[in-house]
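Engineer: Each chain, letter by letter, is given below.
There are 2 protein chains.
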Amino acid sequence: MGDLIGTATDGTLYFARRGEFERIEKLNASRLEKTEILAELARLNTLYMIAAAGSGHIGSSFSSMDVVSYLYRCEMDRTKGDLYFSSKGHDAPGLYAVLIAEGVLDEANLHKLRKIDGLPGHPDVAVPGMVTNTGSLGMGISKAKGMAFANRRLGKGGRLFVMTGDGELQEGQIWESLISAANHRLGEITVIVDHNKIQSDFSVERTSSLGDLVAKFAAFGWHVERIDGHDLAAIEACFQRLRAIADRPKVIVADTVKGKGVSFMEGTSIDSDVEMFKFHSGAPQSGDYTRAVQELIDRINGKLTGLGAQPVMLETVERKPAPVPAEAPARLFPAYTEALLAQAGRNDRIVALDADLVLDMGLVPFTQRFPDRFVECGIAEMDMVSQAGGMALNGLLPVVHSFSCFLSTRPNEQIYNNATEGTKIVYVGGLSGVLPAGPGHSHQSVRDISCLGGVPELVMVEPSCPEEVGPLLDWCLNGHQRSSFLRMISIPYVLPFKLPAGYVPEPGRGVALTEGKDVVVISAGMVMLAEAVKAAGLLKAQGLSVKVVNLPWLNRVDRDWLGATLADARLLVAIDNHYLTGGQGDVVLSAAAELGLGLPCRKLGLSAVPPSGTNEQVLRAVGLDAEGIAASIAAMVQSVSGSGTQV
Amino acid sequence: MGDLIGTATDGTLYFARRGEFERIEKLNASRLEKTEILAELARLNTLYMIAAAGSGHIGSSFSSMDVVSYLYRCEMDRTKGDLYFSSKGHDAPGLYAVLIAEGVLDEANLHKLRKIDGLPGHPDVAVPGMVTNTGSLGMGISKAKGMAFANRRLGKGGRLFVMTGDGELQEGQIWESLISAANHRLGEITVIVDHNKIQSDFSVERTSSLGDLVAKFAAFGWHVERIDGHDLAAIEACFQRLRAIADRPKVIVADTVKGKGVSFMEGTSIDSDVEMFKFHSGAPQSGDYTRAVQELIDRINGKLTGLGAQPVMLETVERKPAPVPAEAPARLFPAYTEALLAQAGRNDRIVALDADLVLDMGLVPFTQRFPDRFVECGIAEMDMVSQAGGMALNGLLPVVHSFSCFLSTRPNEQIYNNATEGTKIVYVGGLSGVLPAGPGHSHQSVRDISCLGGVPELVMVEPSCPEEVGPLLDWCLNGHQRSSFLRMISIPYVLPFKLPAGYVPEPGRGVALTEGKDVVVISAGMVMLAEAVKAAGLLKAQGLSVKVVNLPWLNRVDRDWLGATLADARLLVAIDNHYLTGGQGDVVLSAAAELGLGLPCRKLGLSAVPPSGTNEQVLRAVGLDAEGIAASIAAMVQSVSGSGTQV
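Chains as they are written, first to last, in the numbering used here: chain A, 1 to 647; chain B, 1 to 647.
These are computed hints drawn from the structure, not numbers from a lab. Careful: at least some of the hints might be erroneous.
Same chains, same label: a pair holds when it works inside one copy or across any pair of copies.
As the list claims (entries may be wrong) - Think about it this way: if two alpha-carbon atoms lie no more than 27 Å apart in a straight line, the pair counts; the simulated DSSO-like pairs of lysine-lysine are:
#1 Lys278 / Lys498
#2 Lys424 / Lys156
#3 Lys80 / Lys424
#4 Lys534 / Lys115
#5 Lys424 / Lys517
#6 Lys80 / Lys547
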C-alpha cells in the first residue's frame, strides 16, 4: 500500500490508492475531520492525474473540492436517487478523484485521465458516476430541471446538486434556466456556485463583473445562501438548513479560492495586467508539482498525526518527460497575433472582441497595444456576437474571438442575424478540429463548417501553416466584402510540407503540396494536411502517387480550378478535420458532382463523436493519422478499381 | 386628401395620408395632445397595413405605439445621432406607421407591407429608418451596446433607445447583455420593456412568469423606472427624469395593454385555457377590421373636435378578398397533431416541450389531453433543449417544438450536447423553408439542414404531404435509435401529387412522384415538390421527361438506391428549400460524386438572403416557382448537352 514519503522529489509522481482512503474513513474522528483529510488526499490524486495526463484543470478542481467531498461523504444518498454533477465540467479531475475515493470509479482510472478509453477531460456519461455531459457552459441547471421533471413524472425521488462556476454565470442560459425553476418550485434542485472569483484568464470582477450575485439569484425567485466554501462546518450547517426548504430551488454562493490547498496555486489576489492565474488549465511543471505535493503531504500528515494515526502511504511512479518532437512544430497563433497587430496598426476601425480566452486566442499583445479597441465580453458569446453586429453597423470592423466549438454554435443565430445586415465581421475560432483530443467532445470542434458554412457570403478559411495566416487574415479584412470565419488549430504541429514560393491564396482555389497522378487528396489545416502528406509518402512506397492539395477555402470551391486539378486523377479523396456530413468534403464532392467527370470520389473524416484521449491515440482511433489515411486510400483505390468503374 | 368617414363599412380599407399627420401637427394644442392623436392615427394606418398585407402583428404594434410615438415626436433628436429600434421586431408595422407619419419613410410604403421590395414583416436595415435587423428575439440590447461602443470610439454622440417585449425577456441573451452594460456604465442606452403581459399564445404569467421584473433589472445594476406606457404625461416625466442619469443604463418597465386602442383587441384579461389572445399576429377579419377602424375614427374625431379642428380625412381602398385556391390545400400540422396524440397514447414516456408556440406547433390538443406531459418553456430555446436532455437521461422520450429558424440555431450547441449523450430526442421544427415569406429572413428557415445535419446520428426528415407525417414521426419515435429532426412546413399548400399506394418511408430512399428518363429531380417537402412536379409538367411540353423524386431524408442518402435511381438519367437536379450550401442538395450531390457515374449534377436553391414578400412573389424572385425551376432545368440540360459532357 505504498510508501511513507518524507520529501517529495522532482521526477516522481505520487498518488494514494483507494486503501488509504478506506483507512482514513475508519479512523476514530468526526466525519468533518475525516472529510477534511480525504479532500486533501483527493487533491493530491487530482494533481497526480493532471501531471500524468499533461493537462487538466487544477484551479477549479481544487476550489470545488471541499464542497464536492462533503456532498459525496455527508449529504447525498445515492441509493435514494440523489445526483451530483458539475455544470462547468472542467473540475472533472477533482470529481474523478472523489469518485475513485468513494469507490464509484475503479482506481485504475487514476492513470487514465485524458487517455483513450479512460477519463475524458470533461464529464461524459460513459464514465461511471457521471450523470450528464458537460464542458459546454451554462447547461447544467436546465439539465437538472429536465431530470427533476422526469423524476416527478416517473415517481422517482432524489435531489439534484449542480455545481456551476462563477464565470459560467455570464452565460445567458443560466438566467434563462433560473426563471422556470422558480415558477415550478423545483425544491429538489440545489445549485452550488463555486465562487472562486477567477475565470479562464482574469478575475471575474475584471472580465465581466457579476455584481451582487445574491441579489440576482434572489430576484429570480431562488432561495440563496452564501458561505465559505472551504469551511466544512459552514457547509454542513448550510446543507442542513436547506433540507427544510422544499418550495423553492436553492442556490449556495460558496466563496472559494481557486487552486485552494496549495499556497502558491491559490489565486486570491491575482488580478493585474502583468500576471494571470497560472493554474486554470495545463499541468504543473516538475518543480511546481513537487512543491505542491510536499505541501499536501505535510498537511495531510499533520492532520493524521493530530488524530494519532499513521502518516499517509503513497505510491510513486516516475514522471515521464513530455515527448520532445524531433522537429520544431509550427504554431498558428503567434503568426495570428503578429498579423492582427499589423492590420490593426494600419486600420483604426479594427476592434477585437473576446469571450474569456484572451490568452488562448493570442490576444494579450493586442490588449496591451490597443486597450481602447479591445472588448472583453466574458463568457457570453451571444452577447459578444450581437455587440459586434452593432459595432459593424456603426462603422467599426470587429474581429470576434472564441473557440470554434463555441463560436460556431452558441451564437449561431446571432452570426446569421449579423450576416443579414450585410456588414463585415471577422470571426476567429481557435481550438478547431479534433485535436487537442484531451478536453473531449465539448471542445473538439468538428461541426463548425456545417454550422456556419451555409451563411450567405460568410466565407470560411483555414490556414495550412503559420505563413498562410497573414494572407488569409488580410483577405478576410481587406479582400472580402462581407463576413468571414478564420478557422484556427491551436496545437503545435510538425509540418512535413512547405507552401510553394510566391503562393498567394485565391478564393476557392487550392495549392498542391505534393505531386502525384493517381489520387488527388484535398484537405485543409495543419493536422490533416500533415497527415495526408505523410500518407502520400507511405503510399508512394506502394506504387501510388498522391497529389495532396491544400484548399484553405472551407465552403467555397472554384469549379474551373477543381476541374483542372482533377483532370488526370483516378480518385478524389477529401479529408475533413470535421464530421463527414457538412464539412469541406461535402462542398468539394458536391462541386465535383456538378462537373460530372465520372471520377469516383471519397470522403474521410469523422463519422461518430470522437473520443477523448491523447492526440496520437485519437487520431489513430478515428483513422485520420497518416497510417489510417494511407490504408483507407489504398482500400479506396482497390475498391474503385475492382468495381469496374473507370479507374 | 381623402374623405370624411362617418361610418366605416365592410369591404373597405381606410388609411390616412401624410398630409393628415402634418395638419394635426400644426394644430394649436400641446405636444402631448397632438402626440395622442397622431398615435391613434398611426394605429389606424397600422391596421390598414396589416389588413392589406393579410398578416402582421397588431397586438404589440398597438401596445408599444404610445411610447414609440412619444420617442419620435418628443424625445429623440435624430440629428444628434439618437436611434430607436425594436428588439422584438414584430411591432414593425406600428413603427412603419410612425416612420411614415414622421416622413422618414415614404408614404407609398403604406401599401407595401410584406410585399417584395416593400416593408418586411420584421425590421431590415434596407428600409429607411431601420437601424438593425431584428425578429430573432433577445439581441437588441447587445446590438445597442456595440453601437454605443462604436459611437464612443468614433467620437459620435447619440442615445440608443431599445424596445423589448416582456416575453422576450425569457431569452437568456437579454440577461447576458445586461451584465456588461452596467459594468461599462452605458448611460446612453435606455431600454423600454413593452410590458403588455401577453406573449404569442398566453399570458407571460402563465407561460413563464418573469416574477419581479423591477427587482431583476435592479439586481443587474440598471436604473429602473416603471410607468403606465399609455399615459403620455407619465412617459414624458419619465424620459425627462432619465436625462439626468448618465452613469448607468436605464430601463423603463412600461405597463401596456396588448392591442391597446381597440376595445375588443385589448388583451387585458385573456388568460384561460379556452381562449388565447387573438390579435398577436395575422390580419383581422373584415367585420373586426371595420369595427376597429370605427372605434379609432370616433376617438380621433372626438379629440380633433375637442380641439376645434376638422374631423380626420381618410383615403379608402377596396379590401381585396383573400385568394381562394382552386383546390383544397394540404396542411401538415393537423396530421402532426393527430400522429403525436396517437403516439403519446401508446407510450407514456413521450412528453412534449414547447417554446411559446403551442398554437403554431399544433400542440393545443396535446396540452388538453396530456397536461402533465407538456412543458411550456417560454421563449427559452436553450433551456428547453437542455431540459429535454435531462428528461431523456432520466427515462423520458421528449419531443421538442419550435420554429426551425430558432430551433436549429439558438440551442444549436445544446442539441449537440444532448447528441453526445446518446439519448433519443425528437426535435420538431415548424415554419421551415422560405415560405411563408411575409415575416422575413429572421423567420425563413433556410439554413436548418446545414446547422444540424452534421450532428452524429441525428437524422433529419421532412414530410412531403400530410400522409407522410405519421410514418415519419413513427420512425423518429420508434424506428430510429437516436435523435431526429422533423422539418415541417407551416403554410397550407396545394399538392399536385400523391404518394404511391403502399409507400412506406425507408431510410435514405426516395419515391418517384412523376416518371421521366431525361432528368431526375430530387427534393423534399410540400413546396419544392409541388413546384417541381408542376415544372415537370411544363418541361414535358418541351419534350423533356422529368422524374421528380421525394426524398424525405434530408441528411442521409442510400447509395444503392441513388445509383439505381440515376442509372438511366442524363442530369440530376437537387432542389433545396434551403441555401445551396449545406442543404439536402449537397448531401445528394456528394453521394452522387461517390458513385462516380459521370452524370452532370446541379443544385437549385437559395444563394442569397431571401426577400420578404408574398409567397408567390418570393418564390418567383428566387427562381423556385414552377416556371423558374422549369427554366433553370431547361438551361441546365442545354448547358450540359452543349458542353460536350456525356448527356
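Engineer: Of all the hints numbered above, which does this structure not satisfy? Sort the numbers upward.
Structural biologist: Result: hints 1, 5 and 6 break, sorted rising.
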